Amino acid sequence: MIIEDVLCPFCGCLCDDIKVEVEEGKVVGVKRACRLGSSKIRGHERIRAPMVRRDGELFETTYDEAYDRAARILKGAKRPLLYGWCSTVCETAKKGILLAEEVGGVIDSTATVCHGPSIIGIEEKGLSGSTLGQVKNRADLIIFWGANPAEAHPRHTMRYSSNSTGMFTPEGRRGRKVIVVDVRKTRTAKNADKFILIRPGTDYEVISALRMIVKGKGDLIPETVAGVNKADLEEAAGMMKAAKFGSILFGLGMTHSRGRYKNVDNALSLVADLNGFTKFVVMAMRGHYNVAGFGQVCAWETGYPMAVDLSRGAPYFNPGETAACDLLGRREADAMMVVAADPASNFPRETVEAMAEIPVIQVDPFPNPTTFLADVVIPTAVCGIEAEGTAYRMDGLSLRMKKVIDSGLPTDEEVVENILDRVRRLADDN
Amino acid sequence: MIIEGGIVYDPINGVLGEEMDVSIEDGRVVEESRDGEKIDARGMLVLPGGVDAHAHIAGAKVNTGRIMRPEDGRRGTEARTKLLRPSTGYTVPNCYAIGYRYARLGYTCAFEAATPILEARHTHEELEEIPIVDKGALTLFGNNWEVLECVRDGDLEKLAAFVAWGLRASRGYGVKVVNPGGGEAWGFGGNVKGIDDPVPNFGVTAREIIRYLMRANEALRLPHSVHLHTNNLGKPGNYETTLATLRAVEDIASSRDRQVLHVTHMQFSAYGGTGWRDFESKAPEISDYFNKHDQFTMDMGQLIFGSATTMTADAPLEYGNARLLKAKWSNHDIELEESSGVVPLVYGRKNPINAIQWAIGLELALLTEDPWQMIMTTDHPNGGPFVNYPEVVALLMSRSKREKELATLHDLASKRSSLPSIEREMDWNEVAIVTRAGPARILGLAEKGHLGVGADGDVSIYDVNPEKVDPSKEHEEVKAALAGAKYTIKGGEVVVRDGEVVAVPQGRTYWVDASVPEDAEARVKADLVEKFAKYYSIQMSNYMVQDAYVTRPRVIRAGVI
Amino acid sequence: MISGRTLGQGASLEAKTSPEFFKAVSFCALSEEDYDALGISGEGNVLVRNEFGEIVVSAKKDEGLPPGVIFIPMGPWANAVVGRKTGGCGTPQFKGEKVEVEGTKMPVMEIRELFADMKKQGGGRS
Chain A
0 MIIEDVLCPF CGCLCDDIKV EVEEGKVVGV KRACRLGSSK IRGHERIRAP MVRRDGELFE
60 TTYDEAYDRA ARILKGAKRP LLYGWCSTVC ETAKKGILLA EEVGGVIDST ATVCHGPSII
120 GIEEKGLSGS TLGQVKNRAD LIIFWGANPA EAHPRHTMRY SSNSTGMFTP EGRRGRKVIV
180 VDVRKTRTAK NADKFILIRP GTDYEVISAL RMIVKGKGDL IPETVAGVNK ADLEEAAGMM
240 KAAKFGSILF GLGMTHSRGR YKNVDNALSL VADLNGFTKF VVMAMRGHYN VAGFGQVCAW
300 ETGYPMAVDL SRGAPYFNPG ETAACDLLGR READAMMVVA ADPASNFPRE TVEAMAEIPV
360 IQVDPFPNPT TFLADVVIPT AVCGIEAEGT AYRMDGLSLR MKKVIDSGLP TDEEVVENIL
420 DRVRRLADDN
Chain B
0 MIIEGGIVYD PINGVLGEEM DVSIEDGRVV EESRDGEKID ARGMLVLPGG VDAHAHIAGA
60 KVNTGRIMRP EDGRRGTEAR TKLLRPSTGY TVPNCYAIGY RYARLGYTCA FEAATPILEA
120 RHTHEELEEI PIVDKGALTL FGNNWEVLEC VRDGDLEKLA AFVAWGLRAS RGYGVKVVNP
180 GGGEAWGFGG NVKGIDDPVP NFGVTAREII RYLMRANEAL RLPHSVHLHT NNLGKPGNYE
240 TTLATLRAVE DIASSRDRQV LHVTHMQFSA YGGTGWRDFE SKAPEISDYF NKHDQFTMDM
300 GQLIFGSATT MTADAPLEYG NARLLKAKWS NHDIELEESS GVVPLVYGRK NPINAIQWAI
360 GLELALLTED PWQMIMTTDH PNGGPFVNYP EVVALLMSRS KREKELATLH DLASKRSSLP
420 SIEREMDWNE VAIVTRAGPA RILGLAEKGH LGVGADGDVS IYDVNPEKVD PSKEHEEVKA
480 ALAGAKYTIK GGEVVVRDGE VVAVPQGRTY WVDASVPEDA EARVKADLVE KFAKYYSIQM
540 SNYMVQDAYV TRPRVIRAGV I
Chain C
0 MISGRTLGQG ASLEAKTSPE FFKAVSFCAL SEEDYDALGI SGEGNVLVRN EFGEIVVSAK
60 KDEGLPPGVI FIPMGPWANA VVGRKTGGCG TPQFKGEKVE VEGTKMPVME IRELFADMKK
120 QGGGRS
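Chains as they are written, first to last, in numbering that gives the first Met the number 0: chain A, 0 to 429; chain B, 0 to 560; chain C, 0 to 125.
Check each hint, because a few of them may be wrong.
Claimed, not checked - Calculated pairs, DSS-like style, for lysine-lysine (alpha carbon to alpha carbon, straight line, at most 27 Å):
hint : chain 1 : residue 1 : chain 2 : residue 2
1    : A       : K216      : B       : K325
2    : A       : K216      : A       : K176
3    : C       : K60       : A       : K193
4    : B       : K472      : B       : K414
5    : B       : K533      : A       : K30
6    : A       : K243      : B       : K533
7    : A       : K214      : A       : K243
8    : A       : K216      : A       : K193
9    : A       : K184      : C       : K97
Derived by calculation from the structure, the hints in this document are not laboratory data. Every value quoted in this text rests on a predicted model; they were computed, and no experiment measured them.
All chains, please: the whole structure from these sequences, using the hints.
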């Protein structure tokens, strides 16, 4: 049986045209997906059974015991941290926020080690954006800034950006200009019309120089900025102003470098400035397929998109204080639940060492280094393949993910709900 | 349940301040209820549950407002309780706060004013999280490529079929049109200048778009009329565009017992002047026109001083706001369908423009003679948050309150508007019309806005005695009573007691399923298949809002067959 | 030092205990000049270190890199030399940490070895 128009549960592109061939309850073929998506949809090593740690080793157990242990850890903690939520559906996030309220915890997503600075930049300036289809149909200039879709979002250029075709862009790549700004000549840069190599940590300076040139104050900037010749910046600024519809698509190059949210703030300001001359939009190239969705759910449920402290019953938001890395770095969190993420791999080593000191609950279909540190491990169905639900594409468009095979495993949402039930029962007992 | 001895205003059923009982059983008003709870409402004002026909409460732009405004989130913080989820926000409250605050005001129904079809799933995700109130969403059609092409080709039948399909795809309730043609022009940074300015690349005009959508709306006999946000909204001198728009559609007849066109948040469309320097009110001209044309309705879009978050599908307007005010600016264009923008701002009493805007909203409400034509809104949160409705009602009921406020404003509010000379003070019957009966009738919600047998058991009871309190003088008392209902009853259940939320049932979501001839639908589908293959960034099969997102639907049937 | 996404890292992202992930993530790319200057031969390894920690990874040439910049794919190897501080915004600085690089004969640690000792002190209590 072939199932059409399946959504890919990998990156923020959230491609929704995948064909999946299923035989006897197993995925036997995947068409149209990129290597990243295909690899995930075809499946790989899974956590086989729930596990709990005794005397330093993980032992297989029942779901009931795993839920009990998880509930006791969360209920017993003074400052529990509920983290992850990027590779699961919005329905899980809703339950997770309720659980965080119930245990007086802090809830945070992988955004805070990813595009969190972009969100802070948006808080400062707002974001002039669009859906990806708008870029596909209209954009004649595309700027990838600190983004490398050739490796991180392989179908982006074909489906939505440089190589796509649309109403006002019938020639596709030939009718467009592509600029890449990066600290190294990436695979994306190799296909650009113009590549601007900047020194690491100088995004802010380069954007500032571009803003000055765009606003007609180019005479005030020096001959080179962060290793870039003024002539190159002038050429790029000229291309921006000459475009009918320009777009800046930025990646972690901007958010992970010196300046972080200030880089984003400046880039958003550049785009606002450019709208005085022509049409321009800007967008963050979000990594995991539903990291954007957690931000949306968290905003409409708590008022804030990430790093929300619920210990006082009322939501409190202050990244830098309430983000996962801050809480762990200060050795403040005394228990951690990780849902659909792998902080052991993705946090700085020093932060991971703090994680190793506290009880950790892992909810995930796949084993990963977080498993090595977990005290309770609860395997789940893979969202988008074995469970349905909602996900938000990098441009904020929500789509419904399909279930194509039945794993018999509980979904992330069911696991969180089971833990929530037990936490409430523990509360009643007290 | 029996609500005993209250002083009831139920304009739809001609009840004008009578002391009487209201009985509810199985969620609906009945002749007589024998058992159940008794509520003592003696000496209190009893009204049908409030209905908000136009507010921005759910969807992508509302959430954009939350995300870009953490400073607003902090303004409305209330901790969770055993019963309630936490609340945050003033102009952009979280979903729970929206439900709780409406209920505390005695409102039981609220409609989201603008959702693009492509992002309707998101709108419904948020609507599902808003507790207590019944709700619905109006669907945006005024810049949709399929609409523009049907208008260009003069194909009314196909347009009607597309509107029916779009409502189904978005689980939407009615046809919203925002700055028709301007949203498409904004795709390349442009706008249209008036109703006869051609839309780039499509060659149609706003006049044609509005006329065709109204004709399609009436052909489908939809419960609500077209709901229009005019071109040039927010600009000095725009009253001429507004009047030209109305004159352009005078010949179109309504297919149902309701208006043929609702012009929304009129305050923003009733401006005179050639620029901000000679900016002035043209509310008298607008109201005068409405007084002579009873086929049209409007809502106030009243301005509230203090913080607001403007959010609209009129994206070029928001860009203009951001430039003018040097404010934070978010924009979001939606492929083939719409554009939108969000800009936070603060309305100041001493700002001459804001002061005049404040006066215009009140002038419109008081100069329009028939309250059924003019309902109360603040275009939440564009004019200000809906929690200020008691303030607006107090202003409508008390000339002395208006004078007191005017004295604190920039003096141009008095010089460039007619407000100081307006004597009218609304009575409770008129207030009941502009806050519940009128919005329900305008939306075409047969079971809302009244307390006749069969109506929804939605009742608000306020601790103010209409026979003893003189709203003209005791406006503070009126405002306080309306701000925290003594009781709000939703579907026969007490949800608010003494201003506090005591129960959190889940409301229903209205949407309209309109039938059209099969061949017309087939022609629309053929167009859409091509559009999805070439232009949309998603597959057609993933487009329509799935049933999972509307768990408690109230489907209203309409259509041509 | 820059860390970032690669196709290989992504494809094995949710199979982090696999040999593919190990191969895809435990290397360090250097410019030709830097690679030659360090005198790395064949499939040699380098020791990357700074104030936050040190890690051995295999070395590769990458013509896209300018001298003075090294690239390690996102993952636990790169994170060994990333600091915990977030500068008040919740996000550590994953790109642009200063490091020293030298050739080494030490082997690259497997993923389990990287985490082997961590849980000993803190684990098991609940």
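Against the structure, the hints come out as follows:
1. About 20 Å separates the Cα atoms of K216 of chain A and K325 of chain B, which keeps this hinted pair within 27 Å; it holds.
2. Between K216 of chain A and K176 of chain A the CA atoms are separated by roughly 25 Å; this keeps the pair inside 27 Å, and the hint holds.
3. For the suggested pair K60 of chain C and K193 of chain A, the alpha carbons sit about 24 Å apart, so the restraint of at most 27 Å is met.
4. Note on K472 of chain B and K414 of chain B: the hinted pairing holds, with a Cα-Cα distance of about 25 Å set against a maximum of 27 Å.
5. A C-alpha spacing of about 20 Å is found between K533 of chain B and K30 of chain A, which places the hinted pair at or below 27 Å, so the restraint holds.
6. Under the criterion of a C-alpha separation no larger than 27 Å, the hint pairing K243 of chain A with K533 of chain B is consistent with the structure, at around 20 Å.
7. Annotation: proposed proximity of K214 of chain A to K243 of chain A holds, straight-line Cα distance about 18 Å (limit 27 Å).
8. Our distance criterion of 27 Å between C-alpha atoms is met by K216 of chain A and K193 of chain A, whose separation comes to about 23 Å.
9. Between K184 of chain A and K97 of chain C, the direct Cα distance comes to roughly 20 Å. Compliance with the 27 Å bound is thereby established for this hinted pair.
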